[in-house]
Structure formats: structure tokens, C-alpha cells
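Let's have the full structure, built from the sequences with the hints guiding it.
Residue numbers (the working numbering), protein chains in the order written: chain A, 1 to 378; chain B, 1 to 465.
Just to be clear, a hint being listed does not mean it is correct.
[What the hints assert, rightly or not] Which residues of chain B face chain A? A few of them, derived with a C-beta cut under 10 Å, are:
| hint | residue |
| --- | --- |
| 1 | LEU119 |
| 2 | LEU443 |
| 3 | ILE451 |
[Said to hold, decoys possible] Residues from chain A that face chain B, not an exhaustive set, calculated with beta carbons under 8 Å:
| hint | residue |
| --- | --- |
| 4 | PHE11 |
| 5 | ALA16 |
| 6 | ALA53 |
| 7 | ALA54 |
| 8 | PRO166 |
| 9 | TRP208 |
Honestly, the hints are just simulated from the structure, not real lab data.
Beta carbons are placed, not taken as given, at the ideal position from N, Cα and C, and that holds for glycine.
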Amino acid sequence: MLERFAKLLVFVAFAALVPAAVFRALEAPEIREVEVGLDLVETLDARLATLDAADRREKSWQVGHLGDSMVVSYPPPRQVPTRLQEAVDQLVPDPGSIRVHSLASPGMGPFDFYFLADRVADARPDQVILPINLTVLCEAWRNAFSRPRLAGLLPPSRIPEAFSLPLERIGVTADRLLGYIAVVQSGSLASWHDLTAQQAKVGVARSWLAGSLSGGLGSEAEQRFARDVYAYRDTRQANSAGLPRLTPEGVEERFGPALGGVDPSNPSLEVLAASIRSFRQHGIEVLVYTSPLNVEHIEAIGSANPEGLARTLASIESVSRHAGARFIDLHDLLPDAGFRDFAGHLRTSKSIDGPKRLADRLAPIVVEAAQHARAGRD
Amino acid sequence: MPFNSIQFALFFAVVWLLHRSLPARARNGFLLAASLVFYGLWVPAYLLLLVADILINYALLRVMVRSARPRIALVASVVVTLGVLAGFKYAALAIEAFAPILRTGFGFDPPLPQIFLPLGISFFSFQILGLAIDTYRREIDVPESLGRYALFVSFFPQLIAGPILRGKQLLPQLARGATRSAERSQRGLWLIASGLAKKVILADFLLADFVDGVFAAPGVGSAAFHWVAAWSFAFQIYFDFSGYTDMARGLALLLGFELPVNFLEPYLSRNPAEFWRRWHVTLSRWLRDYLYIPLGGNRAGRSRTLVNLMLTMLLGGLWHGAAWNFVIWGGLHGVLLVIHRRFAGDGQRQTDWRDAPHVFLTFNLICMAWVFFRAPNFEDAIHFIAGMLGSGPGTGWPVLPTLVVVGCAGVHVLERWLRLHGARLRAALSRCWWGPLLQAAGLGAVAGLAIAVAGAGDQFIYFQF
Numbered sequence: 001m002l003e004r005f006a007k008l009l010v011f012v013a014f015a016a017l018v019p020a021a022v023f024r025a026l027e028a029p030e031i032r033e034v035e036v037g038l039d040l041v042e043t044l045d046a047r048l049a050t051l052d053a054a055d056r057r058e059k060s061w062q063v064g065h066l067g068d069s070m071v072v073s074y075p076p077p078r079q080v081p082t083r084l085q086e087a088v089d090q091l092v093p094d095p096g097s098i099r100v101h102s103l104a105s106p107g108m109g110p111f112d113f114y115f116l117a118d119r120v121a122d123a124r125p126d127q128v129i130l131p132i133n134l135t136v137l138c139e140a141w142r143n144a145f146s147r148p149r150l151a152g153l154l155p156p157s158r159i160p161e162a163f164s165l166p167l168e169r170i171g172v173t174a175d176r177l178l179g180y181i182a183v184v185q186s187g188s189l190a191s192w193h194d195l196t197a198q199q200a201k202v203g204v205a206r207s208w209l210a211g212s213l214s215g216g217l218g219s220e221a222e223q224r225f226a227r228d229v230y231a232y233r234d235t236r237q238a239n240s241a242g243l244p245r246l247t248p249e250g251v252e253e254r255f256g257p258a259l260g261g262v263d264p265s266n267p268s269l270e271v272l273a274a275s276i277r278s279f280r281q282h283g284i285e286v287l288v289y290t291s292p293l294n295v296e297h298i299e300a301i302g303s304a305n306p307e308g309l310a311r312t313l314a315s316i317e318s319v320s321r322h323a324g325a326r327f328i329d330l331h332d333l334l335p336d337a338g339f340r341d342f343a344g345h346l347r348t349s350k351s352i353d354g355p356k357r358l359a360d361r362l363a364p365i366v367v368e369a370a371q372h373a374r375a376g377r378d
Numbered sequence: 001m002p003f004n005s006i007q008f009a010l011f012f013a014v015v016w017l018l019h020r021s022l023p024a025r026a027r028n029g030f031l032l033a034a035s036l037v038f039y040g041l042w043v044p045a046y047l048l049l050l051v052a053d054i055l056i057n058y059a060l061l062r063v064m065v066r067s068a069r070p071r072i073a074l075v076a077s078v079v080v081t082l083g084v085l086a087g088f089k090y091a092a093l094a095i096e097a098f099a100p101i102l103r104t105g106f107g108f109d110p111p112l113p114q115i116f117l118p119l120g121i122s123f124f125s126f127q128i129l130g131l132a133i134d135t136y137r138r139e140i141d142v143p144e145s146l147g148r149y150a151l152f153v154s155f156f157p158q159l160i161a162g163p164i165l166r167g168k169q170l171l172p173q174l175a176r177g178a179t180r181s182a183e184r185s186q187r188g189l190w191l192i193a194s195g196l197a198k199k200v201i202l203a204d205f206l207l208a209d210f211v212d213g214v215f216a217a218p219g220v221g222s223a224a225f226h227w228v229a230a231w232s233f234a235f236q237i238y239f240d241f242s243g244y245t246d247m248a249r250g251l252a253l254l255l256g257f258e259l260p261v262n263f264l265e266p267y268l269s270r271n272p273a274e275f276w277r278r279w280h281v282t283l284s285r286w287l288r289d290y291l292y293i294p295l296g297g298n299r300a301g302r303s304r305t306l307v308n309l310m311l312t313m314l315l316g317g318l319w320h321g322a323a324w325n326f327v328i329w330g331g332l333h334g335v336l337l338v339i340h341r342r343f344a345g346d347g348q349r350q351t352d353w354r355d356a357p358h359v360f361l362t363f364n365l366i367c368m369a370w371v372f373f374r375a376p377n378f379e380d381a382i383h384f385i386a387g388m389l390g391s392g393p394g395t396g397w398p399v400l401p402t403l404v405v406v407g408c409a410g411v412h413v414l415e416r417w418l419r420l421h422g423a424r425l426r427a428a429l430s431r432c433w434w435g436p437l438l439q440a441a442g443l444g445a446v447a448g449l450a451i452a453v454a455g456a457g458d459q460f461i462y463f464q465f
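Right under this line is the structure:
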């Protein structure tokens, strides 16, 4: 009995001490911090607190604009939510009666919308805007940017519904779903975040070690190789004659399924529908739009498939409307010159301001929804 | 639930404690329930598929032993099991293959189904088929109860990535009930610790990153980068899969059951035939007994033997995945086996240092075949092979990855030594007062390291098959 107890004690001590020692070593200044999926919770909570406070303070129509880098990867005054605020203010007699809040973050897609829906709803927005970047229909791209741990934010009441959704497509299997929710419900979100941040730093430490060893042994081959790989990936996806634009291979990698035509049963669309339903259950208006796609360039390089794309857009519209959202298709909003890079981000120059054009199309719908709701209340 | 996850550690702790405390007659029923929960905790809907597969195939087994024409029940079992496997795993490949004909001939562009593969379907399908064929051949009795059959198919330590069990390996143990001993528990803990270390530290933390980098840009780095990446992948997939198997065997031992060995230091093989006796042993034997020998094996003349070998390896490749890459990988191994069979003997003596040139040559041929297994498509594989031959513009040598590969080779040799002398070492450790404490510390350190580096990746490569 005593021996068993001693063995257990030694086991537990080593199981605790080893990671503690590893994490201590990671405090070295050479090992930089890296972003983890759970970081989003902290930044989003701060923005939701602003939204919630505005809702309590003002009688204005509160709009939360979710989305990915297509929405926010611009200087702050040129981000889509800011542009939308300006456009809305020009359409209403009392500027400020509609408030647009940015809840977007790079990589945010339908799975994140679903995981965050109840948390966003707690801040009581009147309307949310959900852009659909067509890359989310491609499995590899969707998974590359997924944040499966956000599933822990789902309230326990959503578990039965979540089991019926294809969350396993981004690695949220049933055991993980239950485990993540249990961690969050037990109030351990902050500790969990710290642990995942430390685990992510182990990968940084490995790269640092590889680089140091190479340098120490008089070879920079690995660093040079890393640069070559980066350049290779870029040239494989994009050509840089004039504006950097996708190659046919890059178009296939990112938009293959969307151009080929997807059905409403696509996992991202199933989860989008569930997200819309979640918001609607809280009485929140939902507006879905398709993010601009460089159709002109895709046609120019011979990668277009109008029938397939039409089928995809019809699926998104059908899924959105059936779940209770308004829908506007903006995929062909901009010409080739309206795009900044091969990733499809928008150009924000004086001659052509993509986010502004986008906001100008969204603003009337937002205003109409606000006026309609007010008329209903009056 | 991957074995290297916190969820699984909690799940297994509960199962182990309850299994110990239950009366012997209730233990198998409890293990069956735990196994079904384990499977359902992946994607709940697919539990229905597993249960349906079990119910239908058990009914067919009963029909087989009672019927005057058992062949019909066997054919039905094969059709049902392979039908389910093909539907989930190979439908997309088949549609892709026939799409050009449909497109040009009939103007119909078939949509590609987006199917999420049920976990372990290739493994439990082969286990079901093996038992059906053994029953048909009257080599084994049908399990007395549906529960025992269901536990044979779904026993959770081996359900999702093997070893692929034969009826005679597990059914007698299930009939006897769990047999525990201090020696089994100690061996089980060793296996779990070594499996965890191989998977988490070697495969995920030390090897995966470099492999991913070079395979993402085939033909970019120097020849040295490509060769080291190919060697790294060979060790990555080995430590990943054998690490999982070690853990599976260790967990089964803690529950009182013995599972067969699946790997016997395959990279110390002197020729391709020996490699296949040491790599994924339970699959190799399955293919030999249920495919190669029924095709005629080596009894129908030299050329027919070579055809049978090729066919077996092509289908073995296809078993790994619904992609042409896997077929090519299987085909390359088929070619290696055919050449070896045609021109060389097959020495059975123990490997020693004199065999080093043969081991080195065999290892490198196997690594070249692995390129087709790992590359996302045929074009990338060809670029990678060209990179191995020096087509890339890069120069230099990857220092840390090379050191890691050398370390992995050392671990591989150490594995051989431990397999031969591990029992004596464990016994010696048990005799010292500090021996058990040292083992507990080792296990704790490995578990702690597994937690620390868990961010590097927690998916087992072989789960996708």
C-alpha cells in the first residue's frame, strides 16, 4: 500500500514538474509569444462590453459586424465597420441612431459565428452582419483558420444541437466538445488559455532551437530554406506581374469547391444556418452577405465556372433565408482594380475604396432593418 | 478521443477503476458499454453505423454455421462489410475516376460527395471480415453471445487503429475474462509510456514540423533537405503508428488482455519481404491469409506468384486511403517485393552489423516509396523525388533535423534491444527498492512532457485510414 502511494506520488510530482520546468524555460526572451485561438475571446469580450454599454446608454440600433480579414485588415478608418458607420450616418436624419461595432477578426468564419453567437447575443445587439468569404467552403482553408477551442463557449443547452452539426470537420469531436464546455463552465477559461499559449510557445522554442543549432554549427541553410519555402508558396499561388493575383492553381486551392458548386449540405453552410438560428432565437436581426471575389481576374485566367458559382451562391442564399436572415450577394461588387492582393483583400485607395463600396451597399439594408424595427415598436 | 488527450486519460481512469471493482461476470458487458461510449464520443451518429455493422454481421455468422450453404452468408457478410467501407471511403475516388467519362459521354458533372470517414472503419471492417472467413473455414467457433462478438469488434484500445485482431487472438481471452497480474500491469505501463513518448515527443514534436515544411515545397530545398525529410517522415509515421499501437497494447494489458505485436523494428529489415514481416504485422498477415493465399499465393507458378504479390500490395495500398498516391505506394512495394523474390533469397537469421549495407539500402528504398504516401498528389511526389536527386536550387544541410533522424535511428536500435532484454531489465528494476519509483518517475515525466508539447499536434496519422 505504502509502495503504491509512493509510486503515485512520484508519478504525479514528475507529471507536474516536467511541464512546469518546460514552461519556465520558455520564459526566455528569445521565445516570443504566439497567438492562439482563445485570444479572440479576450478581444471580443472587450468589444462586446462596449456594445453592451452602448445598448444600455443609448436607444440606438446596435449592429455587430462579424467577419474575417476581408472586413478588418485595413487601417482603422478604412475598415468595413467604420465605413459602414459613415454610410449609415449619411442615410439617417439623426446620425448616431445606428451604431456599428466591429466584432471581426482575421480568420473568423461560420464555425466561429456559431461558437460565439450566444456570447455575442448576451451583449444585446439588435442586428449582426455575417460575411461569407467563399474560401470557407474549401475544407483545407476552413481548417487552416479554424479555432476549435472556441466550441467551449457554447452554453451547455446547445450540446444536443451541436451533436447534430458537422463540427467534427474542424476537429470538434463529441469528446472535445464536452471537454471544452466543461472547462469553460468550471470557470477555468483563463487557465486554459494560459496553458494553450504555453503549449504553442513550445513550437516556437523548437524553431528557435533549430535556428540556433544551425547558426552555431556555421550553417544558415535552414533559415534560407524557410525563406525559399515562403517564396515558393507565394509564387505557387500568385503571380506578381502588376498587382499580385492568384494563379489558376491558387484559385483552385482557395475557391475550388465554391467555383465547382456546393450544395446547402456543405458543412460550413450547415453551421452558418445554425449560427443564424442562434441569433434569431435571441431576437437579433441577421444580415448575411458574400464577400467580394475577384471575378474579373478569375475569368481572365480561365478559372471561372459561372454555373458552379451560381449554384454555390444559390445555396448560400437559400440557407441564409431559410434560417431567418436577410441576404445580399456582393461577390461581384468590385473590378480587378478593387483588390489589393492575391488573398482577395480590398483596395483602399482614393480611386477605388473597396470597404466604402461594400459599406455603401450594406448601409441601406441596415437602415431599413432599423427603421422597420422602430416602426414595429411604435 | 486520441490516447494522448486529457479526455482519454479521464475516460480510461474511470473505466479502469470500475472494471476492477465489478464482479467478473459483469466486466465484459461493462467493457462493451465503455467501448461504444468511446466510439460515440467521436461522432455520435457513426455509433449507429458500428452497431449496425456488428448486428448484421453477427446475424450472418449465425446463419453461416446453421445453413447448409454457408458460402451465401459469407458472401453477404463480405458484400455488406466491403460495401459500407467502399461507400464511405472509396465513393469519392470512384466518382472522380468516372467523372470524365460521364462529363464527355453524358454531359453529366457528378458532384463529389464530402464524406467524413468514420473512425477506424478500415480496421474494424477487416476484423469483421477476418472472423467471418475463419468461421466459414471452420477454424473458429462463432462467439456464443452477441455481446462477446460486439466486444471483439469494438474493444476500445484497438478499435480505431488496430492491431487488427483475429478471432483466436481475442475471443478466447474474452471467454476466460480479464487476467491481471503485476507483470502485465508493469508491462502495460511501460508500453503506454513508450508509446506516448514516441507519438508526442518524437513524431509530433521533433519530426512533424520539418517534414511538413519540405513536403509543402517539393523541389525547393537541396537534395539533403529532401533526403532528410524522407527519412524524417519514415520515422514520423513509424513512431506515430507504433506509438499508438504500444499505447493500445498497454491499455489492454491494464484491463487484463493481451494484444498482438504490430511492429518489430521494421527499419532494421534487410529486404522488402522482411520489412513486411515487421511493419504493421497484423495487416500484413491479414493480407497474406485472406488475400494472397486465396489468390493462389506462391503455389501456382513463378509468374502467378509475382502477379499475386503485386495484386496484394496494390489492394494493401488502397486499404490505406482512397487516393491514387496510396495505390502507387502499394504498387512500388509490390515491385520491390517482386524484384526481391525474383533475384534474392530470404535469409531468416537474426540481423547483425554485417547486414548494415542491406538495411541501409532497404531503408532508403522504403523512404522513396513513403514519398508517394506522404505527398498530397502525384505531381508533388515527382517533384519531391526530383528534389532528392538534386533538382532543387537550394544548398546546405538541415542540421537539427539530421541530428533528430540520427537520434531516431538510435531509438529504433534501442527498441530492438529492449524487446529482447526488456523483461530482464524490468525484473531487475523491480528487485531494487528504487526501481518502481524510477519507473513511476519515468512515466510521470513522459506524461508531463506530453502535456507540455501537446500543442505540436494530437492527431494520429493512421486514424485517417
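Against the structure, the hints come out as follows:
With its C-beta approaching chain A no nearer than about 9 Å, B:LEU119 sits inside the 10 Å limit, and its interface hint holds. With 10 Å as the threshold, the beta carbon of B:LEU443 comes within range of chain A, its nearest partner Cβ sitting at about 6 Å, so the hint holds. Taking 10 Å as the C-beta cut-off, the interface hint given for B:ILE451 holds, the closest approach to chain A being about 5 Å. This hint holds: A:PHE11 has a C-beta 4 Å from the nearest C-beta of chain B, less than the 8 Å allowed.
Restraint check, A:ALA16 versus chain B: the minimum CB separation of about 7 Å is within 8 Å; hint holds. Because the closest C-beta pair between A:ALA53 and chain B is about 35 Å apart, greater than 8 Å, the hint is violated. Interface hint status for A:ALA54: violated, as the beta-carbon distance to the closest one in chain B is roughly 37 Å, over 8 Å. This hint holds: A:PRO166 has a C-beta 7 Å from the nearest C-beta of chain B, less than the 8 Å allowed.
Taken as an interface hint, A:TRP208 does not check out: its beta carbon lies about 11 Å from the nearest beta carbon of chain B, beyond 8 Å.
Hints 6, 7 and 9 from the earlier list are contradicted by this structure; the remaining hints agree with it.
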